[in-house]
Structure formats: C-alpha cells, structure tokens
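Asks: Chains as they are written, first to last, in the working numbering: chain A, 8 to 368; chain B, 577 to 857; chain C, 448 to 752.
Treat the hints as calculated values from the structure; they're not laboratory data. Computed from a predicted model, the values in this text were never measured in an experiment. For every residue, glycine included, the Cβ atom is placed at its ideal position computed from N, Cα and C. Misleading hints may appear alongside valid ones.
Computed list of chain B residues with no C-beta within reach of chain A, every gap over 12 Å [what the hints assert, rightly or not]:
#, residue
1, A592
2, V655
3, A720
4, V833
Below, a list of computed lysine-lysine pairs in the DSBU-like style, where the Cα atoms sit at most 30 Å apart [claimed, not checked]:
#, chain 1, residue 1, chain 2, residue 2
5, B, K844, A, K97
6, C, K668, B, K588
7, A, K160, A, K97
8, A, K111, A, K174
9, B, K844, C, K668
10, A, K97, A, K120
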Amino acid sequence: MAQVRLGNIVKHYGDSIAVDDVSLTVEDGEFVALVGPSGCGKTTTLNLVAGLLELTGGTIHIGDRQVNELDPKDRDIAMVFQNYALYPNKTVYANLAFPLQMRKTAKADIDRKVRAAAASLDITHLLQRRPRELSGGQQQRVALGRALVRDPKVFLMDEPLSNLDAKLRVQMRAELKRFHQDLKATIIYVTHDQLEAVTMADRMAVMNHGVLQQYDTPEVVFNAPLNLFVAGFVGSPAMNLFPAEVADGGASLLGPEGWRLTLSERNAARARRATGGVILGARHSMIGLHGEPATDRIPGRVYTVEPTGDITFVHVRIAAANVIASVGPDIRLRADDAVWLSFDQNKLHLFDVASGQALRD
Amino acid sequence: MKEHGFWRLGGKLYLAALVVFTMLPMVWMVITSLKTQFAALQYPPEWIPRNPTLDQYWLLLSPANAVGREFLRYLFNSVWVSAASTVLGVAVAVPAAYAFSRFRFPGRNLLFYSVLLRNMFPAVVFLMPLFIMMRWLGLVNTQASLILTYLTFGLPLSIWLLKGFYDNIPVQLEQAARIDGASRFQAFLLIVMPLSAPGITATAIYSFIMAWNEYVYALTFLNDKDRLTLPVGLQRFFTEYATNWPGLMAASFIMSVPVVALFLVLQKYFVRALTDGAVKS
Amino acid sequence: MTARSDGLLRRIVRHRADYLYVAPALGVMLLVIGYPIYDTVYLSFFNTPPNLALEDKIFAGLDNYGRILSADSFHEATWNTLVWTVFSTFFAFVLGFGAALALNREFRGRGLLRGILLIPYVISAVAASYVWRWLYHSDFGVIGAISVALGFTDTPINFLDNTTVVMPALIVVNVWKEFPFAMIMMLAGLQTVPDHLLRAARVDGAGTWESFVHITLPHLKGVTLVTVLLLLVTNLNSFTIPYIMTGGGPAGASEIWITHIYQLAFGRIRFGLASAYSVILFIVMMGLGYFYVRALTQGDERRGG
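For reference, chain A alone in the conformation it holds in the complex (with noise of 0.2 Å):
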C-alpha cells in the first residue's frame, strides 16, 4: 500500500476545465472519498490517477514515484467501474486471472491467487459462470475480486455501488468498510452520494466545478462546512440555509421576512466579519419548535408534516423561505398550525453572502 499525492493537478477539455488547480494526499492506508454533484470532476480526477486520462498539468505520486507519464498498467493501481467492466466473455475465473496473466505470474500461484480471492469474497461457486449470469451484487464482488486479486498499492473505485439496489447497497457499503480495515488499502473512492462518503471514508473531499471545496474527515465537514456549497451538499436533509442582514453592529441578525435574532457573544463576532449581508445555516436537528411566541423565536406556518418512524421532518414556511426542523415522533403537528423556530447557537452556520465563506472566529 503507498501514499497517493495530487499536487496541483489540472484537466482540460478543449476550452472547459474539469479539474482546476486540485491538491490533496492520501495516506496509506486511508480510504479517501471523493464526493460531489455530477460533472464536480470526480471521476475525472480518479481517471487521471489511474493514467485513463492525461494531466494538463500538476503531478500525481504512488508512493514515491511520480506516475504523471506512465501508463495505467504501470501504475501498480486497481480499480472497480460503475458497471463493474467485467470481461464478458470471460468466466468470472477468467475475469479474475487475467491482472495476474497481464504481469506474467505462475500458473499455479494465478490459479492459488484467484481462488484466494474467490474465497475471501464468497463467490467460489461462482467461478465458472459468466458476467450475464450473475446479478448485481455478485457482479459487484468479482469486480472487487479482480480488484483485490494482485495486491495493488491503491485502489480506486468509481461509484461502485450505484447500480445496486437500496437494500444491498447498505449491505456492500458495510462490506466494503470491513474490506478497507482488514486490508488495510489505500482507496480513492468517487460517489455522488454524500451519505456513503460519509459513512465509509477517513476523509472525505467535496468537490465542485472541478474545484476541491473542503478536504476533511466526514465528522469535521459534516459540523464545520467550509462554504455555502459543502453547507448544502453534505447532509440530509440539506442544511436550511436562510439571508438576514448583520443588524445592532453584529448583535442581531434582521430577517427579510421581519424576524430578529439575537446572537451570542461568538455569533455575534463572526458576523461582524461578514462584508455585506450573512447567510444563517442550521441543520434540522439544530431547530426547536415551539407552540407560543417568545424573544428570538422565529414566526412561520407548518406546511406539511413527514413521519418516518423515529424522527418526524417539519417542514415550515417562513413568507416564502421552507425550513425544515425535525421533531420526536410522539410530537403531533398539522398542516397550517403556527409554530415559532429557535436556534442552538451553537451549533449555528454563518456564512458571507458575497463570498460564500463560512465565517470563522
């Protein structure tokens, strides 16, 4: 396994730029998510590590060496697809042989090797078929399987479990985190789904319009998002996010909608920081309900109610702005009932409107 560094890396298509000026390090051993909206340059910056595709400038090292010019066989890199790439027609024994017949290994340790594999992931049995033949999570292990089955220094995995269903995804995120701490392997892995970034990786990277937003551990990203953008992205449901105008010298804050809210001492400091108007960030977990009216509570309407069991969402209209606060299930709200919002002001986001900049102490 080996440390992976992109330092400054840059992709262009003709005139579009899909990766802009990226720099991060894996360590070895870590298992790194990158995360983001679709066209954010995820996958585009996997492809330059593997050597799919070529740097228009910065260099990328595995371990020591820097691999900017070599080609993917030379990198000494796995890698699982969306739709798995499974060879088809090639038997799943076949499809796990052929890394080892690429670099020229024994016959007997290909044949010791892949039944290794085969055994570690389950799927023995079915070492015969074909691709076609099997379904998706057994699709989805021969990949792994392929993957695992030299011993590479990295592995990197483009959104491998988004062609599953919701039930076996849960099931193979699981497996995959066990398979990262028994191997101890560096993983690069791209998703566009926060929530497998978050509770899979060590670290996860947010990225957008080929930018790197915030390069953190989830728990960090999650609780200190850096910009509106990661604000918004990581999470569910999204963080409210709300204008107001800093008013009182940064001791309140003035809604467009005609609420005022009071700030803490620390609030209040980073408010004062911001260049024009603030945007207020709180998760729905962050936000009290409360029948009656008092100082700093914020005035809106249900708008509709979504039980899910153990936790109940509420969404309220404020004029036009929908927040969303979450409730305990035994609370009963209907539609149109008035309701008055509080804040953890501790747990309060600010962020600069112009810049989009969390304002920081």
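Once you have looked at the hints, place chains B and C on chain A.
Replies: For chains B and C alone, coordinates are given in the frame of chain A:
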C-alpha cells in the same frame, strides 16, 4: 378500440399488397426458370409450367458442357473477388474504425467525415481515373484491379459499420484491461477484438454482398471472358443466348441464392448495421 | 494557465501512436479515392484523345464545362435525373414508411414478413434488371399479360420501348429494389419512439392518428432526414437498372446523368468531357453530403475518451 381495428386491418391489407409486389418478380423468375424455352415464349403465358424441368440448372451447373463450365467459372471468379476484397477491406478497416471510435487525435473529425463523404460519390466519378490508374499499373483485365477498386466502397462502409459496433462496446472494459496490466494495443487485441467478432462478421458479409453484386467496375475493367464475375457474366450470357429466358432466369436465381441466404440468416446483424448510425441520435 | 495550453503539433506528437491504426486505411483511401478525385478534377480541364494516350491531351480550360452546360443532351438528362431521383425517392420512402408502420407491432410471422420484404434490397441489381426486363417483355411479359387479362388494355404494352412509359416503368423497378431500405430505417426509428410517451398520449385521450401525429412523427425527424438523404444520393448515383434495362433509350428518354457520363467516357471515350460532367455531379453531391454528415454526426461528439 374500433378505430384501432381499422388501422390494423389497413396495415394488413397494405402488407399483403406489398408482399405481392415484392414477390411477383421473384416468383416469376423461379417459374420461368423451370420452363423449357418453348414454354416460356407463349402468349398468354403458362402461369404454371405444364412440364416443369430443371434442365436449365443442369446446364448451368454441370461442368460437362461449355455453358456450364463458363457459368461455374464466373461463379468462382465472383467468390474469389468478393472474398478477397472483403478480407482486405475488413483487415484495414478494423484498426481504423477502432481508432475513430476511441481516440481523439487531431484531424480525427476531418478524416472521419471524409470517410463518410465517400458514400456520396458515384462509382462513375472514380471509374475513369481508376481505369487510367489500372492501365498504368498494368492491371486492366485482371481481378486484382477489381479487388483493389472494391475497396473504394468497401472500406469506407466497413469503417462506418465497425465504428458503430465499437461505439457500443463500453470503453470501461478497455480501461479495466489497461489498469489490469494490458497495454493499449493488448486491450484492443485481448478484450475488444473477441467482443467485436459478431460486428466484424456482419460487416464482412455486408461488404461481401456489395462486392458480389457490383457491376460497373467489373463491366469496365474486365473483358477477358475467363475473368468475368457473375453480374457481367450474366449480361454476356444474355447477349449470347438472347432468347433463352429460362436459362437467364435460372442464372439470376443461382446468383441471388447465396446473398439472400446469407442475408436472411444474419438479418438481425444486418438491420442493425444498416440502421445503427441513423437512429443513434 | 490558459485553456488551450498545448499546440496542435504537441497534440499530434502525443497522439502519434493513434495514427498507426488509421494509416493503412488512409493509405488505401488516398490511393483509390483521393487520387481519383484529384484526377477527375484535373482531367476535366483537358481534351483527351480517343485512344486514351493521355500524354497527348490538350488543355481546354473550362471548355468542357461550357459544352456540357449548353448541350441539349445535358438538359434532357438533367430533367430525367430529376424525375428519376425525386419520384424514386418519394415512392420508395412512402412505401417503405408504410411497411414500417404496419410492421411496428408484434404479430406472428412478423420476422418472416420483414425478411421477405427485404429481399429485393439484397438481390443483385443486374439480376433484378433482367427479371424485370422479362416481366416487361413486349410480347411475353407477365405484366402485359396480366393487364390484358384484367382488361386494362387490349394488347400487351411495350413498356421499355416507349418514350412516355419507359421512365415510370424504370422507376417502378427502382422503387421495388429500394423501398426495403426505407422500411428498415424507419422501422428502426419507430422502435426508438418511447413507449411511455405513447401510453401517456393514450391516457390523455389521443387516438391512433393523434398519437402518430403528435408523438411518433416528431420523433422520427432525424431518421427521416438521413433516410431521404441516402435515398436521394443512391438515386442520383443509379446506374445498373437504367443501363441494363434500356441503356438510356429509347431516344434518350431514360438517359440520366450517370448513364450519360458512362456513355461519354466508355462509349465515346471522351474522358475530359465525362470528367467535367462528373465534377458537376460531384458538386451536387457535396451539397447533399454536407447535410448527410451533419445529420449523422449529431450526438457523436459527446462520447469522449
């Protein structure tokens, strides 16, 4: 529902009429080929031959007589010319089609469009210069001249059809192969080639049929009786035995059988090959 | 960092291995396509001697073009070519589209029916021409006999020796040979019409005719364009059927551009004149070709790799 039935009935009647239109010439060809010369030249015609005979077929296909030897010679020439130009064309077209499908090298579009545009040019535009070229190369009246010139239509067509097949093979398979340790060329050879075998077969057969049916070049480049291909041979036949309609129909029938059989067997591939480019967008 | 950071030359060098794949094909195409085109254009400016001793050719400038464009035979052939191309294309398309519509539904024997209807398309044009010549035969032709039997005429019609009937008669043969092409193209197009749209239309109360007009037809625009263009091109390039069936006769009544060029080149051995004629045709084809490439390559650019 009633309206639905109306359209369906109309469709059925239309198809029935179309089948009659399509089949009539072919049926009459077969019927005539089973008649004697005398029976063929009757008015009103004998709708069903009173004394059906396979004489014409024996005549054409038996090496025991001059006519048969001549006809078999044409048949053999056609097979040879069509097969050779097909093999040559496909061999050259496979790597080119693959490159057009996969690589983005400078000039790709320009080159590919010029390949496509070839389909627009009539054979006659190429006929004179190629004739001059063949004279210069000393190839006039040889089958090599035909094999070479058939590439003028066989090659662009093959490139176009094959590119369609390669476009349908997911590029991830080659990427996987390259990551698994294959070079670009190995990925092509070991992974893509086996998968494109059906496409190559379909393309080869299509180009074989085109060559088999080709007429203008064969008419212009060949005049030595021993070297003619079937279409020109048929015409020669017609001038020589002008009133032997049953013989001519039998010859037409024999000439049509291989292509129609090949076609019907591989209909699925064919239809796909023909329509692939047009309906994709 | 500018967007286009590397020059054309660098890109060519970087992709040099890619060219190896296309090199053989390009070599052959230059030899059998590129050179002939050049030579045709070149020859079109010369008077060539009838013995084809080309070193004796005489530069004639645009004379050949002038002679062609002012000749009566050119005008007649152009008119015939137009009639031939337009009517063949129209009827082949209409017949083929109709068949495609009728076949675009699951029923027993559909595959067989489609196979039968496709046969004319694969049969050799030479064989087809002789078969139709026999059908049209002035004394013993089956079509004439049927016409008499059905009471359309008193005596068999002489289809191919009659200046007014010869063109329609040839167009029938051409349509017979060509409609299957339109049929499979349009059938393939019909199969890409999304079912859910048709179902939605039916739920919305559209009848067969309305959903055809509002859903199916708009969806077929692209295929129709390609099909009609290809038919136009094929028909402009037709040679075998008119050449074998009538040789352009009687009295030039079925002479079209291609047969005329062939006659000039290999009948009267006037390569210069015939080349100029080819160039004119070539220019017309380039116009159609432009639309063809545009229609075909839509959506091709999105694939990358």
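Asks: Please verify whether B/K844 and C/K668 have alpha carbons no more than 30 Å apart.
Replies: 24 Å, holds
Asks: For the pair supplied as a hint, A/K111 and A/K174, confirm whether the alpha-carbon distance does not exceed 30 Å.
Replies: 39 Å, violated
Asks: Taking 30 Å as the top limit, are the C-alpha atoms of B/K844 and A/K97 close enough?
Replies: The hint holds at about 24 Å.
Asks: Taking 30 Å as the top limit, are the C-alpha atoms of A/K160 and A/K97 close enough?
Replies: Holds, at roughly 26 Å.
Asks: Is it true that the CA of A/K97 sits at most 30 Å from the CA of A/K120?
Replies: 18 Å, holds
Asks: Verify that the Cβ of B/A592 lies farther than 12 Å from every Cβ atom of chain A, and report whether the claim holds or is violated.
Replies: 40 Å, holds
Asks: If I take the minimum Cβ distance from B/A720 to any residue of chain A, is it greater than 12 Å?
Replies: 37 Å, holds
Asks: Quick one, are C/K668 and B/K588 close enough, alpha carbons at most 30 Å?
Replies: 25 Å, holds
Asks: Would the least Cβ to Cβ distance between B/V655 and chain A come out above 12 Å?
Replies: Answer for B/V655: holds, closest chain A Cβ roughly 31 Å.
Asks: Just want to verify: B/V833 was marked as not at the interface with chain A; is every Cβ pair farther apart than 12 Å?
Replies: 33 Å, holds
When the structure is compared with the earlier hints, a violation turns up for hint 8 alone.
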